[in-house]
Amino acid sequence: MWRESKCEREREKMANKQISQMGLPKSIANVFAARNVFTAKDALSLTEFELMELLDVGLAQVTSAVAHISEIVCPPYQTALSLMELRVQNEHLAGHLPTHMKGLDEALCGGIPFGVLTELVGPAGIGKTQFCLKLSLLASLPAIYGGLDGHVMYIDVESKFSSRRLIEIGVKSFPEIFQRKEMAQEMAGRIHVLQPASLSEFTESEPSVIKIVTSLQQIKVSLLQNQVKLLVIDSMAALVTGEFEHGAPRQNTLGWHVSFIKSLAEFSRIPVVVTNQVRSQSRDETCHYFFQVQSWNETIEDRTRHDSHLVAALGINWAHAVTIRLVLEAKSGQRFIKVAKSPISPPLAFPFNITSSGILLLSDDGIELTGPDINAIHCQGLSLRFCWGNLQKNIKWMPKTTIGHYLKCGALNADGIHHLVFLLIAFWWNNFIRTDKLKSFNFTDHAM
Amino acid sequence: MEVGRLPISASQRSKLIAAGYTTLSSFSSLSPSHLARDLKISDNEAAEIMRVASHSHRLDGSAGGCGTVNGAQTAWDMLHEEEMFPRITTSCEDLDNILGGGINCKEVTEIGGVPGIGKTQLGIQLAINVQIPVDYGGLGGKAIYIDTEGSFMVERALQIAEACIEDMSECGGLLRKDFQACQLKMHPNNILENIFYFRVCSYTEQIALINYLDKFISEHKDVKIVIVDSVTFHFRQDFDDMALRTRLLSGMALKLMKLAKDFSLAVVLLNQVTTKYIDGSFQLTLALGDSWSHSCTNRVILYWNGNERYAYIDKSPSLRSASAPYSVTSKGIRNSASNCKRIKMM
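Same order as they appear, the protein sequences are chains A and B. Taking my numbering, I'd label the letters of the first sequence as residues 1 to 448. Taking my numbering, I'd label the letters of the second sequence as residues 449 to 794.
Hints are computed from structural coordinates only; laboratory data are not their basis. Do not take every clue at face value.
Derived DSS-like pairs: lysine-lysine, alpha-carbon spacing no greater than 27 Å straight-line [what the hints assert, rightly or not]:
| no. | chain 1 | residue 1 | chain 2 | residue 2 |
| --- | --- | --- | --- | --- |
| 1 | A | Lys-41 | B | Lys-703 |
| 2 | B | Lys-669 | A | Lys-17 |
| 3 | A | Lys-26 | B | Lys-488 |
| 4 | B | Lys-663 | B | Lys-633 |
| 5 | B | Lys-669 | B | Lys-724 |
| 6 | B | Lys-663 | A | Lys-26 |
| 7 | B | Lys-663 | A | Lys-17 |
| 8 | B | Lys-706 | A | Lys-41 |
| 9 | A | Lys-26 | B | Lys-463 |
| 10 | B | Lys-709 | B | Lys-763 |
| 11 | A | Lys-102 | B | Lys-763 |
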């Protein structure tokens with residue numbers, strides 16, 4: 001771990017390295033400094049002719065100076081073979097975190113891969129947080145039980161983390177560990193939950209975006225100190241949108257977050273799991289190029305199809321940035337988990353249910369889906385059954401987001417209304433009738 | 449030739465003009481020491497200016513009466529040269545057909561598409577196919593894979609390498625019953641060993657690496673393909689100055705073209721997509737803008753057509769616009785399953 005972090009620090013230094021320290025001939029180095037070109041980044045951001053104009057030296061000199069700087073800043077190379085051997089030797093299962101869902105693990109060549117972003121996207125209540133809870137538990141388990149024996153950083157933006165549910169999953173899946181109280185305490189103690197409400201050093205008036213940004217930078221430090229082996233961000237859309245009510249996050253904020261999280265994953269070689277929300281597809285969004293001619297009939301069909309479709313939030317830029325995308329959806333009342341984007345897996349869909357021990361695949365041989373349908377997100381006939389702990393945690397954020405979501409989703413069919421009424425009753429019950437006994441078992445730590 | 453067009457520094461140019469030398473012919477017949485006295489610069493500097501001037505003069509070809517122009521090639525010679533270099537197959541016959549046999553060396557090819565369409569798969573397939581030995585119709589070269597997003601998965605490269613070797617042994621067995629000596633001795637690890645992997649984390653590193661490739665490839669002469677996956681990623685994250693971005697991208701494109709020509713290798717750039725508002729509706733288009741779309745020689749767009757993946761030649765000086773289906777299987781890029789054609793013997 002230390003070797004990798006040192007590597008990252010060196011790489012960062014390279015790009016910002018001072019030209020004066022690069023061993024260029026004195027004369028040219030002085031000229032660079034005299035014209036305010038201090039770092040490698042400044043020098044490489046100008047073309048060679050621009051540098052010639054700026055520095056007032058000949059082309060040959062500029063070319064050799066740029067070649068020298070480039071050689072120093074350039075990243076080192078490895079052969080693909082040495083990359084593979086390094087991972088097989090040093091990492092758990094050649095760099096994978098097994099999810100204990102046999103079909104999914106096989107499809108992903110062992111499990112959630114290290115060093116890249118894995119995204120879970122699906123409608124509300126489908127099971128994304130359940131998946132994350134199970135993964136957090138698995139990462140904290142000792143190696144003999146197939147875990148990573150490490151700490152977990154769980155960024156809970158919408159306060160959905162339920163410690164009771166976590167313990168329940170643990171007790172049902174690994175009774176031999178969790179029956180003993182001190183083991184349960186140790187495992188649960190390795191999961192560090194960061195919630196916006198717990199950052200007390202910020203005042204109420206500060207937007208939560210700033211809080212999260214600062215905490216992300218703190219994570220980098222604590223990653224090295226605390227042997228963190230998994231980072232979960234639940235959910236990314238809420239993190240970026242922050243206080244903004246309507247949809248599209250500003251491109252700049254998202255861009256910075258993406259680069260930062262990816263480089264974090266890359267250098268610390270840990271799995272990073274990020275959840276994402278869905279939104280309905282607007283009529284304007286076609287998915288065609290200029291050379292794809294559509295007949296009139298097709299257009300009508302497409303439009304009706306689009307109105308009932310959900311798409312992942314955060315846009316196409318984000319879709320390119322994640323390496324693995326797992327889509328969770330409901331079709332005719334049955335939930336599916338689909339490997340929608342993955343460089344190492346075929347496009348498979350696995351039916352699943354949520355049980356007391358987490359997520360259970362109903363079949364380990366997935367259904368292979370051809371075509372772009374693997375990316376589509378359906379939400380048909382979903383009857384959401386909440387377990388009590390989950391419901392209690394959902395209540396806090398429920399009114400604004402869930403009702404709004406269901407209205408937008410257009411799911412005001414019989415199912416939806418039934419569900420909504422149930423939630424409203426529960427909300428009233430929770431806020432006016434509940435006792436403090438329900439609030440025990442709250443592991444909400446500060447980050448280090 | 450005008451003095452203003454010479455690649456010399458600004459102060460030297462201004463001194464020349466101030467001393468009255470506005471065209472090349474006005475000082476080309478002088479001796480360096482004479483020029484040095486006139487401009488009040490050192491002898492060495494004057495000699496340097498004279499050297500640069502005569503070099504540019506030669507390239508310009510304005511010395512009338514010379515038969516061949518220095519630095520140019522005749523079209524006939526170019527045709528023969530092109531036939532000498534085999535193209536890199538994509539392992540999908542239909543795709544190879546519309547590409548005129550495969551990815552061309554000495555050219556920059558841009559391949560773009562939506563997430564999940566198979567760009568990285570195609571990149572890895574090409575990195576492996578370039579290593580097919582000359583006996584089997586390939587180039588027997590090595591590959592450079594520049595990864596800007598971290599999407600290169602070694603497990604997948606191993607899978608595709610194993611499948612490639614299997615295919616070669618099958619074809620080899622059928623063709624060369626009499627050439628018993630040509631036993632295929634390749635192991636997937638050998639193939640992985642010939643892929644040079646660079647991980648780039650910022651646009652500064654990307655530019656530095658492209659500059660450094662010149663030196664790297666002169667040391668590793670058998671590199672025959674450079675794949676950049678993807679060329680877009682670092683230029684899309686918070687780049688405030690769009691004009692700077694355009695300049696950097698065009699500079700990079702020129703360097704890559706020069707690399708392709710000088711070392712006779714293929715350069716493949718993978719690009720992402722974005723939506724653009726044209727003619728009253730949103731359309732998909734490749735990222736990095738209009739000026740970038742001029743930079744690459746060939747442009748291929750991968751897209752979904754119904755339930756099949758298709759490739760479309762959007763721009764090419766020598767190929768017609770055409771579409772071909774392909775599929776991504778556990779063995780890599782292959783023909784689309786719905787068109788069952790005979791596998792071409794290599």
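Each hint tested on the structure:
As the CA atoms of Lys-41 (chain A) and Lys-703 (chain B) are separated by approximately 18 Å, the hinted pair is consistent with the 27 Å bound. The straight-line distance between the Cα atoms of Lys-669 (chain B) and Lys-17 (chain A) is roughly 30 Å, outside the 27 Å bound, and the hint therefore fails. Proximity of Lys-26 (chain A) to Lys-488 (chain B) is assessed by CA-CA distance (about 24 Å); at most 27 Å being required, the pair is judged to hold. Under the criterion of a C-alpha separation no larger than 27 Å, the hint pairing Lys-663 (chain B) with Lys-633 (chain B) is inconsistent with the structure, at around 31 Å.
Between Lys-669 (chain B) and Lys-724 (chain B) the alpha-carbon distance is near 41 Å, which puts this suggested pair outside the 27 Å criterion. Proximity of Lys-663 (chain B) to Lys-26 (chain A) is assessed by CA-CA distance (about 23 Å); at most 27 Å being required, the pair is judged to hold. Taking the CA atoms of Lys-663 (chain B) and Lys-17 (chain A), the gap is about 21 Å. The hint holds against a cut of 27 Å. For the hint linking Lys-706 (chain B) to Lys-41 (chain A), the alpha-carbon distance of about 23 Å falls within 27 Å, and the restraint holds.
For the hint linking Lys-26 (chain A) to Lys-463 (chain B), the alpha-carbon distance of about 25 Å falls within 27 Å, and the restraint holds. As the CA atoms of Lys-709 (chain B) and Lys-763 (chain B) are separated by approximately 19 Å, the hinted pair is consistent with the 27 Å bound. For the suggested pair Lys-102 (chain A) and Lys-763 (chain B), the alpha carbons sit about 45 Å apart, so the restraint of at most 27 Å is broken.
Violated hints, listed in ascending order, are 2, 4, 5 and 11; each of the other numbered hints is respected by the structure.
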